[in-house]
Amino acid sequence: MMHGLNSYAMDKPARGSLLGIEHLEEKEILGLLKLARRMNPLKARPLLRNKRIVLLFYEASTRTRSSFEIAAKSLGAITTLVQSSGSSIEKGESLLDTGYTLRAVGADAIVLRHPCAGAPHLMAAHLDIPIINAGDGMHEHPSQALLDALTILKHKKSFKGLQVAIIGDIYHSRVARSACHLLTKFGVKITLCGPPEFVPDVSTTLAPGLRVTRHIEDALRGTDVVMLLRLQKERLAGKKIHLQDYIARYQMTPARLRLAKRDAIVMHPGPIIRGLELTADVADGPQSVIVEEIRNGVPTRMAILARALGKAK
Amino acid sequence: MLSAKNQRRESASLLIKGGHLIDPAAKVNAPMDILLRDGRVAEIALPNKIRGGADEKFDARGLIVAPGFIDLHVHLREPGQSYKETIASGTAAAAAGGFTSVCTMPNTQPVVDTEEWVAWLRRPERGAVVNVFPIAAATRNSRGAALTDFAALQRAGAVAVTDDGKPILDDEVMRAALRLGAELNLPVVQHAEDTRLTEHCSMNEGATSFRLGLRGMPPAAEAGIVERDVNLAQQIRESRLHVAHLSTSDALKAVRRGKRAKARVTCEVTPHHFILLDEGVGEYNTNFKMNPPLRSSADREAILVALADGTVDAIATDHAPHAAHEKQVEFERAAFGITGLETALTLAITKLHRDTKIPLTRIVELFTAGPARVFDLRGRGSLERGNFGDVTIFDPKKRWTFEAAKSLSLSRNTPFDGWQFTGKVVATIVSGKIVYRAG
Chain A
587 MMHGLNSYAM DKPARGSLLG IEHLEEKEIL GLLKLARRMN PLKARPLLRN
637 KRIVLLFYEA STRTRSSFEI AAKSLGAITT LVQSSGSSIE KGESLLDTGY
687 TLRAVGADAI VLRHPCAGAP HLMAAHLDIP IINAGDGMHE HPSQALLDAL
737 TILKHKKSFK GLQVAIIGDI YHSRVARSAC HLLTKFGVKI TLCGPPEFVP
787 DVSTTLAPGL RVTRHIEDAL RGTDVVMLLR LQKERLAGKK IHLQDYIARY
837 QMTPARLRLA KRDAIVMHPG PIIRGLELTA DVADGPQSVI VEEIRNGVPT
887 RMAILARALG KAK
Chain B
120 MLSAKNQRRE SASLLIKGGH LIDPAAKVNA PMDILLRDGR VAEIALPNKI
170 RGGADEKFDA RGLIVAPGFI DLHVHLREPG QSYKETIASG TAAAAAGGFT
220 SVCTMPNTQP VVDTEEWVAW LRRPERGAVV NVFPIAAATR NSRGAALTDF
270 AALQRAGAVA VTDDGKPILD DEVMRAALRL GAELNLPVVQ HAEDTRLTEH
320 CSMNEGATSF RLGLRGMPPA AEAGIVERDV NLAQQIRESR LHVAHLSTSD
370 ALKAVRRGKR AKARVTCEVT PHHFILLDEG VGEYNTNFKM NPPLRSSADR
420 EAILVALADG TVDAIATDHA PHAAHEKQVE FERAAFGITG LETALTLAIT
470 KLHRDTKIPL TRIVELFTAG PARVFDLRGR GSLERGNFGD VTIFDPKKRW
520 TFEAAKSLSL SRNTPFDGWQ FTGKVVATIV SGKIVYRAG
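First to last, the sequence lines map onto chains A and B.
Numbering follows the working numbering, in which position 32 of the first sequence is assigned residue number 618; successive positions increment by one, without gaps.
Numbering follows the working numbering, in which position 354 of the second sequence is assigned residue number 473; successive positions increment by one, without gaps.
Derived from the structure by calculation, the hints contain no laboratory data.
Where hints are given, some of them may not hold.
[As the list claims (entries may be wrong)] Only part of the chain A face toward chain B is listed, based on derived beta-carbon distances under 8 Å:
#1 Ser680
#2 Leu681
#3 Ala703
#4 Gly704
#5 His707
#6 Val788
#7 Thr791
#8 Leu792
[What the hints assert, rightly or not] Ranges of calculated distance between the beta carbons of each label pair, as one might list FRET restraints:
#9 B:Gly537 - A:Ala834: 54 to 64 Å
#10 A:Ala834 - B:Ala380: 45 to 55 Å
#11 A:Asp867 - B:Ala417: 43 to 53 Å
#12 A:Gly617 - B:Gly537: 27 to 37 Å
#13 B:Gly401 - A:Arg624: 32 to 42 Å
#14 B:Gly399 - A:Ile827: 31 to 41 Å
#15 B:Asp428 - A:Ile833: 46 to 56 Å
#16 A:Ile664 - B:Ala557: 56 to 66 Å
#17 B:Gly401 - A:Ser652: 27 to 37 Å
#18 A:Arg835 - B:Ala443: 44 to 54 Å
#19 A:Ser673 - B:Glu318: 21 to 31 Å
#20 A:Asp787 - B:Gly158: 57 to 67 Å
These numbers come from a predicted model, not from an experiment.
In this text, a Cβ means the ideal position worked out from N, Cα and C, and glycines have one as well.
Given these sequences and hints, build the entire structure.
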């Protein structure tokens, strides 16, 4: 292979890469949202005709994977799905070698979902094609934050003066990290709510304008957006959390939701567990935009891919 | 660089002339000439007072002459991992960094837990350029259960025992190790990490680990073990505890408490812990991943104070070479550790002396008399007459740029590539022979 494995230097990622929200500028975010609003999967122009996009998924995914795939295909791109099982990854191939291999077979961009934080950064530092982060460990999930922003802006005039409550397991959540970065860039005030195991005090250092509370009533009062997170049982190793206590203190119920503004929307990145972080009434209720979020995933990811491959005009 | 010519040189005497000698153990800080003969210090005298000729002269004008530096903590990877480093390459890097003696850690493949392996490390075939003092495993295969045969290991040449890379967690095993060490006057070196609190962790716990979505090692995981060990050392008469690569403020407090109580407790600090912070990890730079991890600025400040006030006994590098493919992976999967032999002195001069105003005499002490005392390396750490002719000569003002590509180590995993430094090793002398001379 032609790659040189002798330098650790973190070069700039290829143009069009989307590694996270943290280091994006406001105008880049607004540009992506504007583009996403113009994207219609049913009437898409073949902007990415003959482009080859590899979906490299080291972790289970329903929403993200299918919506990236539909987004790419709507734009006329060719997609290939590579998963850890059934590929050379199973045989012990390193992430970088897998990347070089995919580059060599002609990938124009790689959409990467990986259980390790920073995996997309490693790839981007060594490959000359755009890397799109589709979720890296507990770190970031930028396309989710963008589709959530798009969803919020469909219901609220602007980010200005908005209050958002994010409730649940912030510590393990890449969705929460990306959402905090994105919304606080526009001055949104965010209250993080949950027990210390899920919402450590250090959480407020993530971005300016963050506040922590242990009381759900405190988080909900006067809020415009309620963002719920799934309890990630697969990441709970070593955390002493009793589900019944959690439900008693933090489950979103219709009664609690009434503390929020009357026009507050309820969001959830999915998958939802009815009866755990929220009741079925809330999930299916009039304020829930959970299904809309999923729907907005496709145009958002079309915008991300179009930008990645320089077709964002 | 070590040349064939140097190796062949059979000069019986070497006169180091015109330099400024800093020998903290002998309380010397003055211009002195030094005559080495037959591998030993023959004479120390005021400038131009040494009579008679020498086979070779070294012009040390404008330079600091010090006892040979001693590194209490290096991983030279042999036996078993010679793709990362060998004793020959690692000691060449040590010589380039001014070290005349290095103490090797036993977490090799296999683990150095028998006298045969201790003897193997010391054989001439290993090609060591500087003195190698093996530290043997404290428990068999470093599993933390059954103690090794300390007496046999000591007879074979081990200067201490440790399970470095792993802690000795079990209270009773640690107590037994300190007891046996006390009988033999052998230090027990502890890698203080409560691994029950650090599972799946890859850096320090704090704002940076939270931001990066990485599980963080709480500082208490180190301090808790040091506190327990200091308590044990206080209870067990004559026991000797040495805390390896100490990195947290709370662990320092425990060491201070032990020292005040006259327990035989010592500790070392690495250059990376006195210069770098956890935030240096940036966007997952694996050359900032080591164990113990880089800590907060409060911890670093506490370490700087302890280096200045005498609480810290030695600067040790924890030189931990790894191949590129072990570092160019996902951060959480990358190997812990960085190389350090060639940058230790210059980091100390740059950060501790130039920026923090710690006197050069104290810095030299941390590289010489301090470590020599920790492991009782007799005849080293000071240049008194009759001692080994191990000398480090350096220019404290020289400005230079470190280039990892030119390192003599087989590995390149350093965070300091391209850094501009003040202070550089000019020559390294082991038993009267020049083993390194700056090009």
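Verdict for Ile664 (chain A), Ala557 (chain B) (Cβ pair) under range 56 to 66 Å: With a Cβ separation near 58 Å, Ile664 (chain A) and Ala557 (chain B) satisfy 56 to 66 Å, so the hint holds.
For the restraint on Leu792 (chain A), tell me whether the closest CB of chain B is nearer than 8 Å. 6 Å, holds
Do the numbers back the hint for Ser680 (chain A), that is, is its least Cβ distance to chain B under 8 Å? 6 Å, holds
Would the hint on Ala703 (chain A) be counted as holding, given a Cβ-Cβ threshold of 8 Å to chain B? 4 Å, holds
For the range 27 to 37 Å, tell me whether the beta carbons of Gly401 (chain B) and Ser652 (chain A) fit it or not. Holds, since Gly401 (chain B) and Ser652 (chain A) (Cβ atoms, about 34 Å apart) stay within the stated range.
With 8 Å as the cut and Cβ atoms as the points, is Leu681 (chain A) at the interface with chain B? 6 Å, holds
A range of 45 to 55 Å was offered for this pair. Does it hold for the Cβ distance of Ala834 (chain A) and Ala380 (chain B)? 49 Å, holds
Is the distance from the Cβ of Asp867 (chain A) to the Cβ of Ala417 (chain B) consistent with 43 to 53 Å? 48 Å, holds
Could one say that the CB atoms of Ser673 (chain A) and Glu318 (chain B) fall in the range 21 to 31 Å? 28 Å, holds
Mind checking the hinted window 31 to 41 Å against the Cβ distance between Gly399 (chain B) and Ile827 (chain A)? At 32 Å between Cβs, range holds.
Outcome for the supplied range 57 to 67 Å, where the beta carbon pair is Asp787 (chain A) and Gly158 (chain B): With a Cβ separation near 59 Å, Asp787 (chain A) and Gly158 (chain B) satisfy 57 to 67 Å, so the hint holds.
Pairwise beta carbon distance, Asp428 (chain B) to Ile833 (chain A), judged against the given window 46 to 56 Å: 53 Å, holds
Consistency with the previously given hints is maintained throughout, with no hint failing.
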